[in-house]
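Peer 1: This is what each chain is made of:
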Amino acid sequence: MNDAQAFFRRLLAAGLAGSGMVTIAGCSITSALQHEPDHVYSTTTPQMLEHEAGDQPVPVPANYPEQAGLRGFRNSADSGLLTLRRVSLQDSVDESGDEGDEAVVRLTPAFRGKPFARTPAREARGGVRPSSFHPAEPRLEMSPQGTPLQRMETIAPSATADLYPDEYLYDGGDREDSAAMHARLRSGIESEDTVAGYVDGTGTAKTVASNRVAIYAPRFGSVRSVTGLVADTKIDKASGARDAITIGNLKTGRMAQENIAETALTEVENHDRVDGIISRKPAMQSQNRHRPVQSTKVDEGHEGRVASGAQTFNRRQAFVLAQQRQNAEIWTREQFPVITASTDSASEVAAVFKVQQKVGLEDQNRGGVLHLVKLADRESAMIGDVIRFTIRFENTGDLNLHDVRIVDNLTPRLEYVEGSATIDEQHPGAVMVEPNGEGSSVLTFTLDGPLQGHKTGVITFEARVR
Amino acid sequence: MKVATRQLLSLLFAAFAVSRTATAQNPADAPYYQPLNDRLPPGYNAEILERVRRDDAHWLQPVRVEVPSTAQVSAYSAAPEPLLTGTAPAQFSVATGHLYRLRLAEMPEFPGLELFPSIEILDRLHPPEGLKENYPIPVVFDEADLRAAAEGLLVTRVIYLERPQIAASGDPLRSERAQTVAPGGNAIDLAARHGRPMIIVRIGGRVPSGPDSPPLFFGTGGPLVAGEPVVNDAGVARIPRRSPNPVASFP
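Top line first, the protein sequences correspond to chains X and D. According to the numbering used here, the first sequence is numbered sequentially starting from 5. According to the numbering used here, the second sequence is numbered sequentially starting from 46.
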């Protein structure tokens, strides 16, 4: 082995090692370290929105008269919507019979939600609900005018939620494609999204998204492989195929050698008609032979340089002839004096100013803006646990909002608990439950009337972790 | 002149070979190159990931061993004597980047059968503070795994953390959706498409050859501690800490 070969071997080994490290570092398994969070993180109780006295929302449980067909059905007599029946708060508390449970959602001092009912699966495991957990409210980033800005925020029990999102269940916000709701059309609403569509006082249709809620609930799967006594035997194609990949990639046909691709070793007969017409393709038509020995690139480069020289010679000749002809024209031209005369006419502008009066009324009310806040009653969950979600909607403007619809597309790991939807009695509406095509449900809450300025409503529902 | 030309050609060939090595897979079949493979020697994948990521060495990841009914579970770490012995389902904590050996015995479904599976810890979880012991990585052996191992086959399970956005409606781990790769396929590659590979479990017919067994058979020497009390899940048992005479726990 001479020095050149030894140098080449060292260079090849170093290149292979470096390429391998770069590839490993760039694979999907280690990409989480380079992830940058794109949401605001919050765990503590932040500022609260101001509510007027007497406007505190009071939730009432939804009563579905047709429980059997709740998921995915439409009530034809009511344009596909289910109307929620108003039930007093006292009725719901008495039905649960579990007022001693400490896991009551406390949004505001005057708000009291339906007590959480333990699931049988959780009771069987002897699980204990965290007694001191109160859901955090997102901080509302305020504008200089004092109105909350529409910005997606994440409520998570740990600051690593954005770094390792695969360990969490998310609900709320607008995940990837921007959601849009206009009239009865909606687009870009994916799983996990919680958005609202409405029409403001100017008749403009708008769409807003809520904050995100992250719940720690990792779930695992496995891929199984069974190997017998004869190892390294791979039979996964019908016939006639063989993969051969070497370090130098010598058999892929990318090196300077003859590459033969034979796609049909024998005659191919196709029977594609009932009457028995047979079309035959001989083997010779299916063979492609590429011979890179011709070295066409080197020949083309040489020809290009020759052509470039010829063009330079031609342009110079043309330039000399043109200059000579121009000189000849100047020598034979006769000079004549030219006299130019022009007349400027005077003009007069007459303007008459009339006294006018403009009468109007300036509306100093701020336009209505809908703000959505989403909360969950727990920060971690296991399979079988039931999570109670709360969506608080508020018109932070002065003018009314019309056609308010709130859509929550659940992630596949959340199963809507039938009959668990509630809405406060001041804002009656309807809820429609449909399959979202990913194994879960999409909930659409529609308010019956307009949402007045500075009014707040609350929607709650429960979902089981799968 | 000839020597210089030959060196130049060698340099060009080396650059070409290196550039092709990273994408040696068929681009039409694999959008990215997966350097890990479950058919590599035990401990190899975890060591590679540990060198790249350099996780916190003091973090110990809880794992939970589950069997169809019950079994005696022992855990080894680079020594022929078990560090922990308990009854399944059993929970203990291990370190990422290491290989550990287990021993399953006293299974009612397989009287007299004794298996020595290995677990290779690839990655860890990042739970909120105080919830570490509540979310162990489950190491599940179903009856088909145990039966295949008893018949002399090698069963490899790559346990992955599922991506919630593409999750199935059912539990993919506990026999609701079987995912099996073809012989010769890369189970880590398929697991990475569904989530984040966490643990490679290998269970076959290998048994220690006695006191002279190589230490590497029992693992790479990572730390191994017993599990903390489990609050949320009553179905997980604790493994007692190492006894003064751990060998006495064997039948």
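No lab work stands behind these hints: they were computed from the structure. Quick caveat: nothing in here was measured; it's all calculated off a predicted structure. Mixed in with the good hints there might be a few duds.
[Claimed, not checked] If you want the footprint, here are the derived chain X segments under chain D, 3+ residues with CB under 8 Å:
1. 158-166
2. 217-224
3. 365-371
4. 421-434
[What the hints assert, rightly or not] Every beta carbon over 10 Å from chain X, so not counted as near; a handful from chain D, in silico:
5. Tyr180
6. Arg202
7. Gly240
[Unchecked claim] Think about it this way: if two alpha-carbon atoms lie no more than 20 Å apart in a straight line, the pair counts; the simulated EDC-like pairs of lysine to aspartate or glutamate are:
8. X:Lys210 x X:Asp402
9. D:Lys177 x X:Asp407
10. X:Lys210 x X:Asp407
11. D:Lys177 x X:Glu194
12. X:Lys210 x X:Glu180
13. X:Lys210 x X:Glu194
In this text, a Cβ means the ideal position worked out from N, Cα and C, and glycines have one as well.
Peer 1: A separate judgement is required for each hint: does it hold in the structure or not?
Peer 2: Checked hints:
1. Under a criterion of three residues with beta carbons nearer than 8 Å to beta carbons of chain D, the stated coverage of the stretch 158-166 of chain X is upheld, 3 such residues being counted.
2. Check result for the stretch 217-224 of chain X against chain D: holds, 4 residues qualifying (beta carbon to beta carbon below 8 Å, three or more required).
3. Coverage of the stretch 365-371 of chain X by chain D is violated in this model, with 0 residues showing a Cβ closer than 8 Å to a Cβ of that chain against a need of three.
4. Residue count for the stretch 421-434 of chain X with a Cβ under 8 Å from a Cβ of chain D: 0. That is fewer than the three needed, and the coverage hint is violated.
5. Once the 10 Å rule is applied to beta carbons, tyrosine 180 of chain D is inconsistent with being away from chain X; the minimum gap is 6 Å.
6. Listed as a non-interface residue, arginine 202 of chain D fails to keep its Cβ farther than 10 Å from every Cβ of chain X; the least gap is roughly 5 Å.
7. With a least CB separation of 6 Å from chain X, glycine 240 of chain D falls inside the 10 Å interface cut-off, contrary to its annotation.
8. Distance check on the hinted pair: lysine 210 of chain X and aspartate 402 of chain X sit about 16 Å apart at the alpha-carbon level, within 20 Å; holds.
9. Taken as a hint, the lysine 177 of chain D and aspartate 407 of chain X pair is broken in the structure, with Cα atoms around 46 Å apart against an allowance of 20 Å.
10. For a cut-off of 20 Å, the pair hint linking lysine 210 of chain X to aspartate 407 of chain X stands: about 10 Å separates their Cα positions.
11. A hinted pair counts as satisfied when its Cα atoms are at most 20 Å apart, and lysine 177 of chain D with glutamate 194 of chain X does not qualify at roughly 31 Å.
12. Pair hint lysine 210 of chain X plus glutamate 180 of chain X holds up; C-alpha atoms about 18 Å apart against a cutoff of 20 Å.
13. Taking the CA atoms of lysine 210 of chain X and glutamate 194 of chain X, the gap is near 18 Å; set against the 20 Å cutoff, the hint holds.
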